[in-house]
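Colleague: Could you slot chain G onto chain W? The hints should help.
One-letter residues, chain by chain:
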Amino acid sequence: MAANPMSQFDVYRIGPEIKVGAFDISFTNASLFMILSTVSILLIFNLGSKKNSLLPNKIQLLAELSYTFVSKMISDTAGSKAKPYFAFIFSLFMFVLFCNMFGMIPYTFTVTSHIIVTFVLAAFIFIGVTVIGFIKHGFGYLKLFVPSGVPAVLLPLIVVIEIISYLSRPISLSVRLFANMMAGHTMMKVFGGFVISLGIVGGWLPLSFSVALTGLEILVAFLQAYVFAILTCIYLNDALNLHH
Amino acid sequence: MVKKIYFQSIFFSFFFIKEAFAAESGGMPQLNPEFWISQIFWLILTFGIMYLILSKLILPKISNNLESRKSQILENIEAAEKQREDSDTKLKEYDEIISKSKLEANSIFNQAREKAIKDIGAKRQVLDKQIDKEIAEAEKEIDVLRKSAPNKINKIAIETSSELLLKLIGAEVNNSSISAIVEDLSKRNGDKYYGN
Numbered sequence: 001m002a003a004n005p006m007s008q009f010d011v012y013r014i015g016p017e018i019k020v021g022a023f024d025i026s027f028t029n030a031s032l033f034m035i036l037s038t039v040s041i042l043l044i045f046n047l048g049s050k051k052n053s054l055l056p057n058k059i060q061l062l063a064e065l066s067y068t069f070v071s072k073m074i075s076d077t078a079g080s081k082a083k084p085y086f087a088f089i090f091s092l093f094m095f096v097l098f099c100n101m102f103g104m105i106p107y108t109f110t111v112t113s114h115i116i117v118t119f120v121l122a123a124f125i126f127i128g129v130t131v132i133g134f135i136k137h138g139f140g141y142l143k144l145f146v147p148s149g150v151p152a153v154l155l156p157l158i159v160v161i162e163i164i165s166y167l168s169r170p171i172s173l174s175v176r177l178f179a180n181m182m183a184g185h186t187m188m189k190v191f192g193g194f195v196i197s198l199g200i201v202g203g204w205l206p207l208s209f210s211v212a213l214t215g216l217e218i219l220v221a222f223l224q225a226y227v228f229a230i231l232t233c234i235y236l237n238d239a240l241n242l243h244h
Numbered sequence: 001m002v003k004k005i006y007f008q009s010i011f012f013s014f015f016f017i018k019e020a021f022a023a024e025s026g027g028m029p030q031l032n033p034e035f036w037i038s039q040i041f042w043l044i045l046t047f048g049i050m051y052l053i054l055s056k057l058i059l060p061k062i063s064n065n066l067e068s069r070k071s072q073i074l075e076n077i078e079a080a081e082k083q084r085e086d087s088d089t090k091l092k093e094y095d096e097i098i099s100k101s102k103l104e105a106n107s108i109f110n111q112a113r114e115k116a117i118k119d120i121g122a123k124r125q126v127l128d129k130q131i132d133k134e135i136a137e138a139e140k141e142i143d144v145l146r147k148s149a150p151n152k153i154n155k156i157a158i159e160t161s162s163e164l165l166l167k168l169i170g171a172e173v174n175n176s177s178i179s180a181i182v183e184d185l186s187k188r189n190g191d192k193y194y195g196n
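Chain order of the listed sequences is W and G. FYI, the working numbering numbers position 3 of the first sequence as 3, with every residue one higher than the one before it. FYI, the working numbering numbers position 149 of the second sequence as 149, with every residue one higher than the one before it.
In short, the hints are calculated from the structure, not lab data. Beta carbons are placed, not taken as given, at the ideal position from N, Cα and C, and that holds for glycine. Misleading hints may appear alongside valid ones.
[Said to hold, decoys possible] Here are the simulated DSS-like pairs of lysine-lysine, each with C-alpha atoms no more than 30 Å apart in a straight line:
1) Lys50/W to Lys140/G
2) Lys100/G to Lys118/G
3) Lys61/G to Lys81/W
4) Lys58/W to Lys70/G
5) Lys136/W to Lys56/G
6) Lys83/W to Lys56/G
7) Lys51/W to Lys56/G
8) Lys90/G to Lys72/W
9) Lys133/G to Lys147/G
10) Lys167/G to Lys50/W
11) Lys56/G to Lys58/W
12) Lys72/W to Lys56/G
13) Lys81/W to Lys70/G
14) Lys90/G to Lys100/G
15) Lys81/W to Lys136/W
16) Lys70/G to Lys51/W
17) Lys140/G to Lys81/W
18) Lys19/W to Lys81/W
19) Lys140/G to Lys83/W
20) Lys167/G to Lys187/G
21) Lys187/G to Lys155/G
22) Lys61/G to Lys51/W
23) Lys140/G to Lys187/G
[To be verified] Label-pair restraints from in silico Cβ distances:
24) Gly27/G to Lys143/W: 12 to 20 Å
25) Lys56/G to Lys143/W: 29 to 37 Å
26) Leu207/W to Asn32/G: 26 to 34 Å
27) Arg84/G to Ile234/W: 18 to 26 Å
28) Ser68/G to Pro156/W: 14 to 22 Å
29) Tyr12/W to Leu45/G: 12 to 20 Å
30) Leu91/G to Leu55/W: 45 to 53 Å
Just chain W, same shape as in the assembly:
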């Protein structure tokens, strides 16, 4: 059933099956769009950093604006201590943004609409941030779970809540991105299906809706990449500047 709104999320093998031991690491459409996203990122930023003219051309301006945008985001939320992690957060933001944006082109595959992809990213961030926190503060990092200025009676409850909220970070981070992407794309597909099923007479309303949704989805694609990156910065801020 081609009109199934979920069929756009199907992963299928491109080329032969590749197996390493028991693991299937075949090249799929997901891999294709990961490569497309990364290659376009590298291409754009390579072109944007090649020439150093005093008056930048368009692509250089794009690269430099993105650079200053992300660096400002990091310094605003995580301070100057987060500078060594700039490259990672920049790559993360660009990767998520490009995967989201590639998904907006019809007949493409949205890499970030798969929970496993976003979860791996979020889990990596979670583990990384936790490791950084313990390296920087030792066991003092556990003070993160004990907010200051809380009445002693409430403390056990607060600590439990803090620990749960800390542990649910990778889940919330990954599910937020994945659900946003999946819901948006499903909705667009559903409205697209309405256009076909209602035909020339009634199809105009869902069509106009589809157009509006496309704009909204492009906004969401950017916004979710931004939220993903900024939440990473906030988690990093917790690990770097412990001020609970």
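Modeller: Chain G alone, transformed into the frame defined by chain W:
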């Protein structure tokens, strides 16, 4: 408004997802673990390579470009500031030179005027003296002439009268008698003729 529609549509879309679940045996493809390992592998591979290239090659270049531009702009601003200061000092120097030269010109003018006045005074004195002398000489000459004038006139009068008499009467008259008459007349009327 858009938000409301958005959330309502999400709500409705879950209806359709449920229907799709019913229709498809697999349900959400995201929850099918068949390609999970492949996705993780390719994610780590692509993201890792991208991260390495960005962090080692591209981002340092961009930050370098931004820094160099910043420093170049600062340098240019500094240079401009310096040039402005230079031009200010030069303008001051120029003003000073102009005012100094104005003063100098004034003093030179004054000196020249004084000198000219002095020269004129000296020359005038010399000329005055000369003129005085010449006037005195001329007066002397006039005096001499004036003194000699009555005698001459008398002589002329005597001669003309004797000649007139000769022509009129045809006889020569003694000059001495004529001169006596003339002298007598001139003595009587001298005041009338010479004015003094």
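Colleague: Now tell me if each hint is right for this structure.
Modeller: Against the structure, the hints come out as follows:
Of the supplied pair hints, the one linking Lys50/W and Lys140/G is violated, its CA atoms being roughly 114 Å apart against a limit of 30 Å. Of the supplied pair hints, the one linking Lys100/G and Lys118/G holds, its CA atoms being roughly 27 Å apart against a limit of 30 Å. Only pairs whose Cα atoms come within 30 Å are accepted, and Lys61/G paired with Lys81/W is accepted, the gap being roughly 21 Å. Taken as a hint, the Lys58/W and Lys70/G pair is honoured in the structure, with Cα atoms around 18 Å apart against an allowance of 30 Å.
Restraint check for Lys136/W and Lys56/G: satisfied, since their Cα atoms lie roughly 24 Å apart, inside the 30 Å limit. Of the supplied pair hints, the one linking Lys83/W and Lys56/G holds, its CA atoms being roughly 15 Å apart against a limit of 30 Å. For the given pair, Lys51/W sits about 17 Å from Lys56/G by alpha-carbon distance, which is consistent with the 30 Å threshold. Between the alpha carbons of Lys90/G and Lys72/W the distance comes to roughly 44 Å, so the proposed pair goes past 30 Å and is violated.
Distance restraint check for Lys133/G and Lys147/G: the Cα-Cα separation of roughly 21 Å lies within the 30 Å cut-off, and the hinted pair is therefore satisfied. For the hint linking Lys167/G to Lys50/W, the alpha-carbon distance of about 141 Å lies beyond 30 Å, and the restraint is violated. For the proposed pair Lys56/G and Lys58/W, the alpha carbon gap of about 23 Å is at most 30 Å, so the pair holds. For the given pair, Lys72/W sits about 20 Å from Lys56/G by alpha-carbon distance, which is consistent with the 30 Å threshold.
Restraint check for Lys81/W and Lys70/G: satisfied, since their Cα atoms lie roughly 22 Å apart, inside the 30 Å limit. Restraint check for Lys90/G and Lys100/G: the C-alpha separation of about 15 Å stays at or below 30 Å, so the hint holds. Only pairs whose Cα atoms come within 30 Å are accepted, and Lys81/W paired with Lys136/W is accepted, the gap being roughly 11 Å. A threshold of 30 Å between alpha carbons decides the hint, and for Lys70/G with Lys51/W the separation of about 16 Å falls inside it, so the pair holds.
Under the criterion of a C-alpha separation no larger than 30 Å, the hint pairing Lys140/G with Lys81/W is inconsistent with the structure, at around 122 Å. For the hint pairing Lys19/W with Lys81/W, the CA-to-CA distance comes to about 42 Å; that exceeds 30 Å, so the pair is violated. Among the hinted pairs, Lys140/G with Lys83/W is inconsistent with the structure: their alpha-carbon atoms are about 121 Å apart, more than 30 Å. Between Lys167/G and Lys187/G, the direct Cα distance comes to roughly 27 Å. Compliance with the 30 Å bound is thereby established for this hinted pair.
At most 30 Å may separate the alpha-carbon atoms for a hinted pair to count; Lys187/G and Lys155/G meet this at roughly 14 Å. This hinted pair checks out: Lys61/G and Lys51/W have alpha carbons roughly 10 Å apart, not beyond 30 Å. Restraint check for Lys140/G and Lys187/G: satisfied, since their Cα atoms lie roughly 24 Å apart, inside the 30 Å limit. Under the hint 12 to 20 Å, the C-beta atoms of Gly27/G and Lys143/W, about 43 Å apart, miss the expected range.
The hinted window of 29 to 37 Å between Lys56/G and Lys143/W holds, with their beta carbons roughly 36 Å apart. Distance hint check: the CB atoms of Leu207/W and Asn32/G are about 32 Å apart, consistent with the given range 26 to 34 Å. The hinted range of 18 to 26 Å is not satisfied by Arg84/G and Ile234/W, whose Cβ atoms lie roughly 46 Å apart. For Ser68/G and Pro156/W, the hinted distance range of 14 to 22 Å is not satisfied, since their beta carbons lie about 56 Å from each other.
Restraint check, Tyr12/W to Leu45/G: a C-beta distance of roughly 19 Å satisfies the suggested window 12 to 20 Å. For the hinted restraint 45 to 53 Å between Leu91/G and Leu55/W, the CB-CB distance of approximately 32 Å leaves it violated.
In the structure shown, a violation is registered for the earlier hints numbered 1, 8, 10, 17, 18, 19, 24, 27, 28, 30, in ascending order.
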